[in-house]
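Protein chains in written order, with the numbering used here: chain D, 5 to 298; chain P, 505 to 801; chain F, 670 to 1118.
Keep in mind that the hints are not guaranteed to be accurate.
[Unchecked claim] Okay, the calculated beta carbon distance ranges per label pair:
hint: 1; chain 1: F; residue 1: Ser1109; chain 2: P; residue 2: Asp525; range: 49 to 55 Å
hint: 2; chain 1: P; residue 1: Arg510; chain 2: D; residue 2: Ala290; range: 23 to 29 Å
hint: 3; chain 1: F; residue 1: Ala1091; chain 2: P; residue 2: Arg626; range: 55 to 61 Å
[Claimed, not checked] Here are some chain P residues the structure puts well away from chain D; computed CB gaps all over 10 Å:
hint: 4; residue: Leu555
hint: 5; residue: Ala574
hint: 6; residue: Gly715
[Stated by the list, open to error] What the simulated footprint calls covered on chain P by chain D, stretch by stretch (three residues with Cβ under 8 Å from a Cβ of chain D suffice, anywhere in the stretch; the number is not a length):
hint: 7; stretch: 544 to 554
hint: 8; stretch: 603 to 616
hint: 9; stretch: 743 to 750
Keep in mind that the hints were calculated from the coordinates and are not lab data. From a predicted model like this one, the values you see are computed outputs, not experimental measurements. Even glycine gets a Cβ: it sits at the ideal position worked out from N, Cα and C.
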Amino acid sequence: MTAALTVTSDDRAGSRPPSALSNVVALGMRQLRDAVRSRWFALYTLAFTALGLAVSYVSAHAAGGAGVSGFGRTTAGLLNLVLLIVPLMALTAGAGSIASDRERGMLPYLLAQPIARWELLLGTYLGLALALFASVTLGLGACAAVLAAMGERTDPGSIVWLAVLSCILALGMLSVGMLVSVVTRRASVATGTAVFLWLALVFGTDLGLMAGTIAFKLRIQTLFGLCLANPLQVFKMWSLHVIDASIDVLGPAGTYALDTWGSALSWIFAGALAAWVVVPLGLATAIFARRSPV
Amino acid sequence: MIRIRRLTKRFARQPALLDVDLEIGAGDALALWGPNGAGKSTLIRCVLGLLAFEGEITVGGHDVRRDGKAARRLVGYVPQELGFYDDLRVAEAVRLFARLKGVPIRGVGAVLDGVRLGGQERKRIRELSGGMKQRLALAIALLGEPPILVLDEVTASLDACGRREFTDLLGGLATGGRTLLFASHRVEEISALARRVAELEAGRVTAIVDGGDFMQRLGVGSVLHLTVASPQRASAFEALRTNGFAPRMNGVGVLVPVPSSQKAAPFRVLADARIAVEDFELVSTERASALAEEMHR
Amino acid sequence: MTTLALIACLALGVAAEPGSIADRIAGAAPGDVIEVGPGVYRERIRIDKPLRLVGVGRPVIDGGGSGDIVEITAPNVEFRGFEVRNTGIDLDKENCAIRVLAPFAVIEDNVVSDVLFGIDLKGAPDSVVRGNRIGGKDLDVARRGDGLRLWRSDRVRIENNEIHDGRDAILWYSNGVEVRGNVAHRCRYGFHLMYSDNVVLEDNEVAENSVGVYFMYSHTLELRRNRLVRNRGPSGYGLGLKETDRFTIEDNVIVGNRVGVYVDGSPFTSKKPGEFTRNTFAYNDVGVTFLPAVRGNVLWENNFVDNFEQVCVLGRGELTGNEFARDDRGNYWSDYVGYDEDRDGLGDWEHCSERLFESMLDREPKLRVFLLSPAESAIEFVARAVPAVRPEPKFSDPAPLMQPIAAKASAERDARRGPLAAAATALLAVGGLAFVVARSGLGLARETT
């Protein structure tokens, strides 16, 4: 049997150790394949697409009857949907990844291979990210197709922008999810934590900030600064900024931001979201490198 | 190939390994022997760089903490149970790990043939039996001909038949000049594979003995459990007893302690006596006493 | 003036064409037609006798960046086919491209570019301004002049002009003016009426100005089939009404403005109600804003589609003095939650605006930053579920329509279905590709070499 193996694989001398990139890609492809075949992916994609189509249809219908077209409001409806679903999708996907590997005992086996831990983490991250991209672009693409078919005159650029920004939001939320996944031992706990975080980000922080605005008469720059701390708010403001070319829709805070930061605003939003991508993932990598995978 | 110096591992202050020193040379085959909780798996995980520890471990000269990737490149690892992506197909799993190990593969089929999994390429891992999974794990461990093989209770979750098959496969490999480090609490595995045995107890290495001596120290090598049809069971017992063995009866046959070098002798005796052996199994002494008790119940 | 222009010409050393335009005017008899061939004429022109001045091949009259350019002081002058460009930028002197100081002028088919004031009619009743393109200078809004201005010029017809990047197109004390088929883009006020009565504005497109149309201190006005789109300056009204009387606002499409219609003290004195009908208010931040004391308006058969806030009363208050239905026909509200069981096309329940988030916004405008966030929806959900926190309704429409009224002015001139379909295809292709790649597990199936 040793002979059989020797025949099929080259001499050790002939084989070069694979690069880190090659490992990341291999692990990422595996994760991507796994994600795309999983039930959550199908469910989320279907739910996202169905709700998106409903939003598109309803707003195109109301607008169509009145003889006007979306002017970004269809996009605004989709934006609201993205705000709700994409973070949930990304957070739970990220949270489920490493934690369930650990729970199924897969983690020690994988790490016993000649790979570095960060390679596994990054591969997992990228694989899931690509799966999320596929889900988001499929969903929004279907919406755009329906809008086009209904003769809606939504700016095509805005929907492409929305897709791009949604993907960036997904990256950030996935990053947070991975951090959750790395620090929790059980997959169920990780998923629970992710759902809790989702609730906190989607409803909790905004409602709290609203109450704070009323109770403490927050100054406008404080309010804007605090909004920048919530990735969902950043995504929303960035989307409005690039799609509508104006966040003055957002009242005094928006006008303040425009007046104060002007054209730097895009960079501020990009920076804030980038921080949500890089910081949690960096933390996750650091913790994962130290923690026992068993 | 593997050098362990003053290895101490604590879980929440409780020491799982204390001051372990081990040296495993090229071509050596060291078994880790001891009851559950003695620290066998912990030691193996430290060697693979899966756990943080105090002390020093090098594999092929590579520090497993600082240069874990290079160290693990020299190691093929088979776990107790292949907890693995259930959805993946066998061929895909082999390709994935070949890629991670940087081993070019010309054909997955040949690799699988080597562990008697030929023709199973398209099967998903969840469809494999426990024994097949372990053989797949072995095939993956052997990809790229690593000089070191590390096995952690590889047959613990297999049934008797799968266990024997797997031990046979491994036996064939042990002669391949590979360095072997494995944890086991099965006598027949140790007798088949080990040159030396490190006895662990409560995290300490209590003794390192030669494989043969180890079998002697256990009293005998192993115990053969022979299944014999009930009409012939008594005569089988007599035949063995008269030929110098110390058989015991149980519900389905006889238990015969045998020296590790003469495991086939009872078969000869029974063949001479024209008694048909329907099945046999090599069991540990503990298991043998358990089996013997079954009869009394 | 003529001599000045001549001196300027000589100073610039421009080779005179077969004669400068000023020379030819000087030599012409009243009623003559002067055809001017192509070329760049760097001169100032005064037309002081009834003439037809016709540019052939669009000759350019260049003001050289100072002063006025064309001045018409005689009645019955026709000026067409020119490009007039490059006035001065002196706001006090109101540097202007074409200034008309006499009645019965026809200013047609000119391109007026890089000017402070574009076309300025002062005491020029019964004139026609048609098919001109007027583009302002690239200046800060405060330093711009008006693209088009009427001063005491009654019965003027303003048709099919395109005005962009100016301050206002403004009517001062000019009655009986008809404004039709014009386009105003990126100005301060698209069309601005001051003390001008009996004015009709129809089929104009007024987009991306600071304010679309502003009626002030005027009466008997008709605004019909106009498109007031994305006027989003600091006040950002599609239509503003200040102390205006006897107005009819119908069949307009008012979309994407900060405030669709802003009603301040209108109707002002008369007993005749302000009429709003068959308009579409869509995607404005606020559909219609009323100041608290406003009363006497009737709104029926309008579409209110997805305005962030459909109707707003500034500074809180009720709209009891205004009607939201006439002859048992109300308006279409995209946020109507009732139903139509008897199938008469009208909702069986009245439509009340009682959105909690809106009333919070009225109290604390800063909260607008949470617009479009799921938290906003959560608040509305709570308000619906818990009557105790429901705000008082601002207004009620007793007969809400179940279907929108078809708009007569289209929202956008050219449908761009192609690019959207392309975007859809691109997104689906990218997503689909990732999906297919993922499912096939290409990376795993590929032989490593």
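Hint-by-hint comparison with the structure:
1. F/Ser1109 to P/Asp525: 49 to 55 Å: Holds, since F/Ser1109 and P/Asp525 (Cβ atoms, about 51 Å apart) stay within the stated range.
2. P/Arg510 to D/Ala290: 23 to 29 Å: The hint (23 to 29 Å, Cβ to Cβ) holds, given that P/Arg510 and D/Ala290 are roughly 27 Å apart.
3. F/Ala1091 to P/Arg626: 55 to 61 Å: violated, 40 Å
4. Leu555: violated, 5 Å
5. Ala574: violated, 7 Å
6. Gly715: holds, 21 Å
7. 544 to 554: Satisfied; 4 residues make the cut.
8. 603 to 616: holds (count 11)
9. 743 to 750: Violated: only 0 residues of the stretch 743 to 750 of chain P have a Cβ under 8 Å from chain D.
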